[in-house]
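A.B. asks: Listed below are the residues making up each chain.
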Amino acid sequence: MDSSTLIMLAIFIPFIFAFLVPVASKLLKQRIGWFAVATAILTLSLILKIMPIIIHGDTIFGEITWLPTAGLTFNVYADGLSTLIGLLASGIGVIIMTYSIGYMSTKEDLPRYYQYLLLFMGSMIGMVFSANTIQLFIFWELTSFTSFLLIGYWNDKTESIYGATKALVLTAIGGLVMLAGFLLLQVMTGTFDIPTILHDESLIKAIHGHELFFITLLLIFIGAAAKSAQGPFYIWLPNAMEAPTPVSAFLHSATMVKAGIYLVARMHPLFAGTDAWFILVSGTGMVTMVAAGFLAFRQTDIKAILAYSTISQLAYIMTMYGYTTYHEPGIGVAAATFHLVNHATFKACLFLVAGIVAHEAATRDIRKLGGLRKEMPITFIIASIGALAMAGLPPFNGFLSKEMFYESSLEMGAALGSPFTILLPAIAIMGGVLTFAYSIKLIDGIFLGRRQSKGLPEHIHDPPAVMLIPAAFLAVLVILFGLVPSIPVNIIVEPTTAGILLEPAELHVKMWHGFTAPLMMTIITFIFGLGIYSRYDAIAAWQDRFNLKHPKISVNYYYDLMVNNARTSAHTLSAISQPGTIKTYMSALIVTMVVLVGIPIILLGADIIPQSLNFDIAIYEVLIMLFMVIAGIAAALLPAYLPAIIALSTLGYLVSLLFIYLKAPDLALTQVLVETLSTIIFLLVIVKIPQKFKERIPATTLFRDLIIAGAVASTVFIILINATQGIIPPFESLSHYFIENSMTLAGGKNVVNVIIVDFRGYDTLGEISVLCLAAFGVYNLIHSRGDKT
Amino acid sequence: MTTLITKTITKICLPLVILFSISLLLAGHNNPGGGFIGGVMFASVIALLYVVLGLNYTTSVFDPDWSKWFAFGLLLASITAFAAIPVGHNFFRSAFEFIHFPFIGEIELVSAALFDVGVYFVVIGTLLFIFKNVGEDT
Chain A
978 MDSSTLIMLA
988 IFIPFIFAFL
998 VPVASKLLKQ
1008 RIGWFAVATA
1018 ILTLSLILKI
1028 MPIIIHGDTI
1038 FGEITWLPTA
1048 GLTFNVYADG
1058 LSTLIGLLAS
1068 GIGVIIMTYS
1078 IGYMSTKEDL
1088 PRYYQYLLLF
1098 MGSMIGMVFS
1108 ANTIQLFIFW
1118 ELTSFTSFLL
1128 IGYWNDKTES
1138 IYGATKALVL
1148 TAIGGLVMLA
1158 GFLLLQVMTG
1168 TFDIPTILHD
1178 ESLIKAIHGH
1188 ELFFITLLLI
1198 FIGAAAKSAQ
1208 GPFYIWLPNA
1218 MEAPTPVSAF
1228 LHSATMVKAG
1238 IYLVARMHPL
1248 FAGTDAWFIL
1258 VSGTGMVTMV
1268 AAGFLAFRQT
1278 DIKAILAYST
1288 ISQLAYIMTM
1298 YGYTTYHEPG
1308 IGVAAATFHL
1318 VNHATFKACL
1328 FLVAGIVAHE
1338 AATRDIRKLG
1348 GLRKEMPITF
1358 IIASIGALAM
1368 AGLPPFNGFL
1378 SKEMFYESSL
1388 EMGAALGSPF
1398 TILLPAIAIM
1408 GGVLTFAYSI
1418 KLIDGIFLGR
1428 RQSKGLPEHI
1438 HDPPAVMLIP
1448 AAFLAVLVIL
1458 FGLVPSIPVN
1468 IIVEPTTAGI
1478 LLEPAELHVK
1488 MWHGFTAPLM
1498 MTIITFIFGL
1508 GIYSRYDAIA
1518 AWQDRFNLKH
1528 PKISVNYYYD
1538 LMVNNARTSA
1548 HTLSAISQPG
1558 TIKTYMSALI
1568 VTMVVLVGIP
1578 IILLGADIIP
1588 QSLNFDIAIY
1598 EVLIMLFMVI
1608 AGIAAALLPA
1618 YLPAIIALST
1628 LGYLVSLLFI
1638 YLKAPDLALT
1648 QVLVETLSTI
1658 IFLLVIVKIP
1668 QKFKERIPAT
1678 TLFRDLIIAG
1688 AVASTVFIIL
1698 INATQGIIPP
1708 FESLSHYFIE
1718 NSMTLAGGKN
1728 VVNVIIVDFR
1738 GYDTLGEISV
1748 LCLAAFGVYN
1758 LIHSRGDKT
Chain B
-6 MTTLITKTIT
4 KICLPLVILF
14 SISLLLAGHN
24 NPGGGFIGGV
34 MFASVIALLY
44 VVLGLNYTTS
54 VFDPDWSKWF
64 AFGLLLASIT
74 AFAAIPVGHN
84 FFRSAFEFIH
94 FPFIGEIELV
104 SAALFDVGVY
114 FVVIGTLLFI
124 FKNVGEDT
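Protein sequence lines, in the order shown, are assigned to chains A and B.
If you read the first sequence in the numbering used here, its first letter stands for residue 978, the second for the next number, and so on.
If you read the second sequence in the numbering used here, its first letter stands for residue -6, the second for the next number, and so on.
Relax, there's no trap hidden among the hints.
Quick partial rundown of chain B residues pointing at chain A, CB under 7 Å, derived from the structure:
#1 Asn24
#2 Gly27
#3 Ile30
#4 Val33
#5 Met34
#6 Ser37
#7 Leu67
#8 Ala74
#9 Val103
#10 Phe108
#11 Ile123
#12 Asn126
#13 Val127
#14 Gly128
To spell it out: a stretch of chain A is covered by chain B in this simulated footprint if at least three of its residues, at any positions, have a beta carbon under 8 Å from a beta carbon of chain B; those stretches are:
#15 1648 to 1659
#16 1737 to 1745
#17 1749 to 1760
DEER-style ranges, computed between Cβ atoms:
#18 A:Leu1711 - B:Ser16: 27 to 33 Å
#19 B:Leu7 - A:Tyr1756: 22 to 28 Å
#20 A:Ala1676 - B:Leu(-3): 48 to 54 Å
#21 B:Ile(-2) - A:Met1570: 44 to 50 Å
#22 B:Lys0 - A:Ile1576: 56 to 62 Å
#23 B:Ser16 - A:Val1747: 23 to 29 Å
#24 B:Ile11 - A:Ala1617: 32 to 38 Å
#25 B:Asn49 - A:Leu1600: 42 to 48 Å
#26 B:Ile(-2) - A:Leu1600: 29 to 35 Å
If you're looking for bench data, these hints aren't it; they were derived computationally from the structure.
Glycine included, C-beta positions come from ideal geometry on N, C-alpha and C.
Take the sequences, apply the hints, and build the full model.
C.D. replies: What follows is the structure, given as structure tokens:
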């Protein structure tokens, strides 16, 4: 099979199978999880099949025609970078779905759960393999949306709804901002196609020199930062922990939050090498890294600690992708990519452990846990491997990528010169120290120390194999990647680096380099880390006190303020804009027309009424007009409903009489019939309302209405005068076309009818659909009124 | 309004007007008429029936589910609109053909006429649906 077809299949299979889940669940009942696992394995194997090409350093491109008129095709592009995230999405997907079989209670609505998971997996894979920015945006927002569904999976819990809404609001707004950035990118380069831009030196040069450069970078980066919980957007991730734990492991550590990282890496060749890129990406990364690491101390929920650690680890990666100068592009790219792989393994592993602990001990509160090492020995070992890898201890994979982080910080600092020579490594160490401290806290808080008897179940033991094996598998990967780094490096890190830097990359990663500067930094990290850890609880207590004293120094405070105020201001706004009386709506509508006509009249100046008017009208026309005016005034002034309606109908019949004189039998016929019907309906309705004439209108309102009516009348008069014999030459009438073509093109002599059913049939189809809807609307209006009282 | 004369006349008029509305529908392509006018004509005579003979009497002899009428009309119109696609033409492409029948003479077959029939049913259905619901409400 063609390799681009494989990718298309990998994108669409999760979607198609997600829609098959309800069918399959009829057959499999609560064992539907295995169906999802099989889908994920199938998707993974499809991506694995393209691996040989990717390892070889080649790229794959394929397309299906999608919106040719808009210049858009559904096209896929696979290089090392997209394949890496694709592998994570499907590979971790297999692990997570297997684990879910053990984790989710069989009483839950399982088909819905696996359906969401598969939809998410498909969107993620579609996102990374998208070769144009619009398609990428669509899948990007789909991941936000499916994540919303998954976070709010327990939709009867207030916290879930709050967390889901927060994640959707922040990431979806970020996505829209990103779309604006993509559109500007199109303005700069003239294409939506990503590979085209990547492989065209002149386009990249054009971007760098363009005046829109910074704003485009900023907009796209805001999208990436919102998705990856960087900078002020970090607040959604801790609340997203209301999702079932496997979901957190999948979306909020291994895959979706990496979307922002992916985007930064994808845009690296376009924007990197400039000061703006370094300040924006690395700057945000460094601030987030330290802040999130610090805030993790205060958390008591295991998953919340993991959430903050995820934010801080993603910030590592973000920082490294920002490390780039004009002369030495991409100093940190390889390190970042390697850390991306490692983080996915150890963090997913830790989340699974958190799920196991919560499942067995029935709590995730780290204050209540402790001393579980004897009761859950296997879980303890797995958790230690994950946490120590995160802390950066040898021989685990986290050690290697952290060393590379330190090394690239040193290099970047040296490249930038003083004071960054000291500053960048110092900040990197600060991040490492905090990471070390909370990683140790995880092991210490759950497994070491004394077991608390209060609030914990009597017997706690290791979970069933279906939950243990996925976690153990990830732990094995952590050790394997640590001991034999050449495996991940050769298979995926090098192609990915090559994909980002657009040139072949060769890396030499090993455990022991001798006594180098990064090793010194690691040792410093451990010493400081132990020091900080001894004061861990004191720091957490201080944070609590600070938070209590200054509630306004928090991003969440402003988020809540914004969301709550949005509701009240929306109420105010709709109360003003929709007062509910037809009179107001009509006045607004009509006045708008007057204004819109008035502006050009003012601009054009004096001659709005032609000097010599040609009143060539027959006597019967004058008579009919006169009657019409009288009928109109009567309809407005008559003091009771019945005569007013009769006057109105008279006006309608007079119009049809006019049509007859103007030789439009079709219109006249229609007018007569419609007038008859509407009169009958009017009569039916007014029997039921009190026959006293409407309430008295205040003089001011009457005066206002008179002014509006006068303005409208004169506007219409001016338009009509100008349309027929005005200063502007009248437009050529459209009717010639229809008269000439109605017989030849549609075979009909009645032009009006041919227009309705043939030339403008599309229009008519729309109209009759609206008519049907209106009928339902009337039905509902009439029948819902009775229900309320 | 509800004198014996009006009642009798209305009953006599009913089939005639319905026939007239159908003839309007069919004539539409070349002469004044068409689905919309025919539909309104049909609806108005039923409306007249409601007004003159009362809702109860009318529904006791003749009470179709009008919503089905407009549903059918919309379906027919949509099918006509889409019909050209499988043959490879654009959406809404209409076809016409002059066919010579023995004894009757030349007759024009237009696919747009089917669309017009759809419009006819939609108009009758919605108008009378609204009419009946407004009238029933007491």
